[in-house]
Amino acid sequence: MAVKLNAKKREDLAKSVTSEIRKSGRIPAVVYGKDKDAKTISVDSVDLVKTVRDEGRNAIISLQVEGGDTVDVMLHDYQIDPIKDDLLHADFYIVNMSEEMDVDVSVRLDGESKGEKEGGVLQQPFYEIQVRAKPKDIPEEIVVDVSDLDVNESLSISDLKVTGNYEFLDDPDTTIASVVPPTTEEDLETDTEADENAEPEVIKEKSDSEEE
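So for the sequence shown, the UniProt record's numbering puts the first residue at 1; every next one is plus one.
Watch out, some of these pointers could steer you wrong.
To be verified - Here are the in silico distance ranges between beta carbons for each label pair:
#1 Ser16 with Glu66: 15 to 25 Å
#2 Gly68 with Asp150: 50 to 60 Å
#3 Val49 with Lys136: 19 to 29 Å
Unchecked claim - Here are the simulated lysine-lysine pairs, DSS-like style, with alpha carbons at most 30 Å apart:
#4 Lys36 with Lys8
#5 Lys50 with Lys4
#6 Lys23 with Lys84
It should be emphasised that the hints constitute simulated quantities derived from the structure, not laboratory data. The beta-carbon is built from N, C-alpha and C at its ideal position, and this holds for glycine as well.
Construct the entire structure; sequences and hints are all you get.
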């Protein structure tokens with residue numbers, strides 16, 4: 001079920017008006033989609049942040065535009081002030097609930113691996129996986145159980161279980177999690193010795209005949 005978010009039409013795009021919108025606690029935004037005309041709106045900044053925090057980045061939002069239609073959208077992109085960390089702008093994409101779409105879904109590793117208990121280090125090369133699904137079937141996150149993972153073992157996308165009506169689009173051999181042996185003092189000493197014993201590169205001067 002889509003979560004509701006109220007919006008107001010934004011027809012005057014002057015910088016002064018946009019500034020006033022932000023001062024009032026709202027942010028300018030745009031709504032667009034396939035074969036749809038883009039519309040400029042504004043939404044409450046706090047409401048949008050709360051919606052994304054509670055429902056997830058890929059949540060389906062029922063955007064209720066004041067004096068207009070209600071459309072199902074997803075938050076496609078947003079801009080944040082790098083200094084104040086405030087939301088500056090948001091892009092909403094109109095979705096067709098009956099059509100599949102490709103989205104990035106967060107990956108969360110769950111549990112403590114066998115390898116970590118033995119002193120190994122758990123690594124996570126990727127924090128998102130691309131998924132194809134209809135909007136209502138997009139998972140909030142992909143949870144990966146790593147409890148059986150031992151040192152020098154890894155999990156790839158092909159090892160993941162699909163628990164809903166979606167499919168993974170990334171290469172099945174892509175590593176999602178692995179446990180590597182701990183770096184010991186002996187390893188560090190060996191690396192240092194190898195660097196110290198490495199022969200310097202000799203630059204051979206050209207002979208007169210070679211220069212000619």
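To see whether the hints hold, each was checked on the structure:
| no. | hint | result |
| --- | --- | --- |
| 1 | Ser16 with Glu66: 15 to 25 Å | holds, 21 Å |
| 2 | Gly68 with Asp150: 50 to 60 Å | holds, 57 Å |
| 3 | Val49 with Lys136: 19 to 29 Å | holds, 23 Å |
| 4 | Lys36 with Lys8 | holds, 18 Å |
| 5 | Lys50 with Lys4 | holds, 12 Å |
| 6 | Lys23 with Lys84 | holds, 13 Å |
Consistency note: the structure conflicts with none of the earlier hints.
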